[in-house]
Amino acid sequence: MAKITLSQLRHSYDPEAITEDEFALKMIDLDWDDGGAYALLGPSGCGKSTLLNIISGLLEPSEGRVLFDDKDVTHLPPDQRNIAQVFQFPVIYDTMSVYDNLAFPLRNRGVASDKVDARVREIAEMLEVTEMLKVRAANLSPDNKQKISMGRGLVRDDVNVVMFDEPLTVIDPHLKWKLRSKLKELHQRVRATMIYVTHDQTEALTFADQVVVMQDGLIVQIGTPVELFERPAHTFVGHFIGSPGMNVLPAEVRDGAAFFNGTQVALEGAISDRDGKPEIGVRPEYVGIAKSGLEATVKKVADIGRHNVVEAMLGDLRVNAIVEADPPAQGDTVHLAFKPEQTRLYRDGWLATEGAAS
Amino acid sequence: MKVVNQRAWLFVLPVVILVAFNALIPMMTVVNYSVQETFGNNVFFWQGLDWFIQLMRSERFHAALGRQFMFTGLILLIEVPLGVIIALSMPKKGFWVPVCLVTMALPMLIPWNVVGAMWNIFTLPDIGLLGYFLNHTLGINYDMTQDPFAAWVTIITMDVWHWTSLVVLLSYAGLVSIPDAYYQAAKIDGASNWSVFRYIQLPKMKRVLTIAVLLRFMDSFNIYTEPFVLTGGGPGNSTTLLSIDLVKIALGQFDLGPAAAMSLIYFAITLLVSWLFYTIMTKDEN
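These protein sequence lines are chains S and G, in that order. Residue 1 is where the first sequence starts when you use the numbering used here, and the numbers rise one by one after that. Residue 1 is where the second sequence starts when you use the numbering used here, and the numbers rise one by one after that.
No lab work stands behind these hints: they were computed from the structure. Even for Gly, the Cβ is constructed at its ideal location relative to N, Cα and C. Each hint should be verified, as a subset may be incorrect.
[To be verified] Below, simulated DSSO-like cross-link-like pairs (lysine-lysine); rule was C-alpha separation at most 30 angstroms, straight line:
1) G/187 x S/115
2) G/187 x S/178
3) S/176 x G/204
4) G/204 x S/26
5) S/134 x G/187
6) G/187 x S/3
[To be verified] Which chain S residues face chain G? A few, computed with CB under 10 angstroms, are given here:
7) 56
8) 78
9) 83
10) 93
11) 104
12) 165
13) 169
14) 173
15) 174
16) 177
[Stated by the list, open to error] Residues from chain S that keep clear of chain G, each with C-beta distances beyond 12 angstroms, as calculated:
17) 20
18) 126
19) 163
20) 325
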């Protein structure tokens with residue numbers, strides 16, 4: 001087990017890349033603490049898998065270093081890094097039995113056969129595949145193949161980190177939930193560092209203690225699920241996490257205050273020193289219907305069970321509000337009030353107000 | 001209720017007619033010959049199963065069959081592993097892929113009798129490039145027209161040259177269809193190169209290799225043109241394979257009856273071996 005440090009990492013698949021756009025990863029500096037449960041969250045093509053493959057050693061970064069407990073492993077191949085990785089699609093050795101599949105990573109490292117047996121049975125028990133141990137892996141259903149694939153990632157107890165690259169894509173929805181909680185449970189038991197790559201916010205937020213959000217080859221925020229939700233450091237995070245995502249309104253800044261269409265909007269704190277296009281961000285959860293405030297027309301009301309999502313038009317700008325009870329009717333003119341401690345200014349996408357805590 | 005529509009037979013009819021004309025009818029004439037004797041003038045006498053019984057006891061047939069199995073066995077033993085090794089060492093992407101593929105495909109595009117003639121001239125002891133080089137430069141006594149061993153080395157080498165590419169191309173197609181994740185997982189699992197071959201590449205190539213072995217078996221078991229042009233079955237009878245012997249009996253001696261019986265036995269052996277092999281190779285699928 002080890003702390004993993006990524007230092008000044010950049011990567012491009014084109015060896016002659018010069019411009020920033022040609023880099024799949026643009027300057028990553030990040031520490032993964034020993035024993036943490038991390039999720040790496042971002043849309044497809046944001047560089048998550050690239051980052052994962054650099055940590056596992058399947059890719060060598062164009063620039064920068066990878067350290068495991070301060071030992072430079074940037075140029076070491078995967079088998080010398082002592083890591084485990086589970087891939088998006090099941091990778092199983094067709095001709096072997098389930099048992100041999102699970103034992104394979106251990107046997108390759110010369111682990112004694114009684115220990116192999118104990119580990120294989122423990123993992124099989126956990127993944128509920130004990131009765132299949134003797135079956136030829138080729139004859140399994142896709143769900144079970146992926147379970148075995150995950151099992152091979154989990155069978156070694158001495159790894160520095162276990163990485164999951166969207167492992168539940170091919171799994172049935174009802175099993176997804178079960179496997180996810182199993183993983184969480186397993187993490188609490190073995191305390192190995194785990195990195196879970198996904199583009200699904202529910203998966204990320206349920207699995208991880210710390211979520212790393214990526215966009216366009218950059219890390220935009222690292223935080224607990226609550227932090228990401230409560231105080232997005234970037235409009236992308238606000239937009240990507242939460243359903244519906246954060247409302248973003250174009251703003252003007254005058255005399256240290258933010259204005260929308262000439263109306264001053266109260267913010268969580270003072271505006272910090274930062275340049276760039278100003279925008280106001282507020283989550284639908286903190287937009288209320290009030291007696292006074294910005295005037296808007298209700299376009300649509302969706303009752304999604306626990307609450308109502310009100311889609312209102314501020315001019316030609318759409319703003320979502322979550323209303324618990326008595327929603328307005330379609331076509332009504334309403335006043336929208338933003339909860340000041342949850343209303344923030346962003347400049348060029350990045351948070352530009354000082355919160356109460358900081 | 002199940003709807004029965006007899007009109008479907010009409011749609012199968014063209015195929016039935018086609019198969020009848022190019023397989024069934026010629027085959028039946030052979031069956032017809034195999035139970036009769038003729039001395040020409042289109043006069044036939046009933047012979048029963050005599051030709052079959054005689055053939056099964058014939059030492060000449062046993063010898064030709066033995067040579068045929070030896071030839072097919074040897075070329076399979078060389079071509080299959082060699083083909084797999086070449087396929088494994090071919091590049092997986094980039095500029096050299098089409099270059100390798102085209103180079104590999106070239107021998108297969110050459111007509112069979114040209115291959116035989118090429119190798120004949122190439123290996124003639126006094127004028128052939130290889131023959132002259134071996135005899136006069138290296139001082140190795142090599143004469144495929146006189147020495148049975150040299151003749152065998154030559155026909156085997158020729159077949160390997162001509163057909164290993166087929167195994168290469170089929171294996172290569174199997175190899176490139178393996179997703180990268182398998183190799184990545186194997187690296188992370190700490191698998192050796194041998195394990196990668198044994199547990200990933202070989203199982204993924206199994207299907208295409210089965211086809212490759214089957215094709216090479218059938219083709220080499222029925223081979224005629226190349227050894228006929230190269231050695232003519234000699235020296236002596238040393239390279240007289242089944243098909244060469246068959247043509248000698250049928251057209252050389254005009255023994256239509258024995259030749260027909262031999263064709264049928266020949267066909268039955270080819271079919272039986274192919275069927276056995278295919279059944280064994282695919283038995284644990286499904």
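Discussion item. So, against the hints stated earlier in the document, which numbers end up violated here?
Written reply: Numbers 4, 13, 14, 15, 16 and 19 - these are the hints that the structure violates, sorted from lowest upward.
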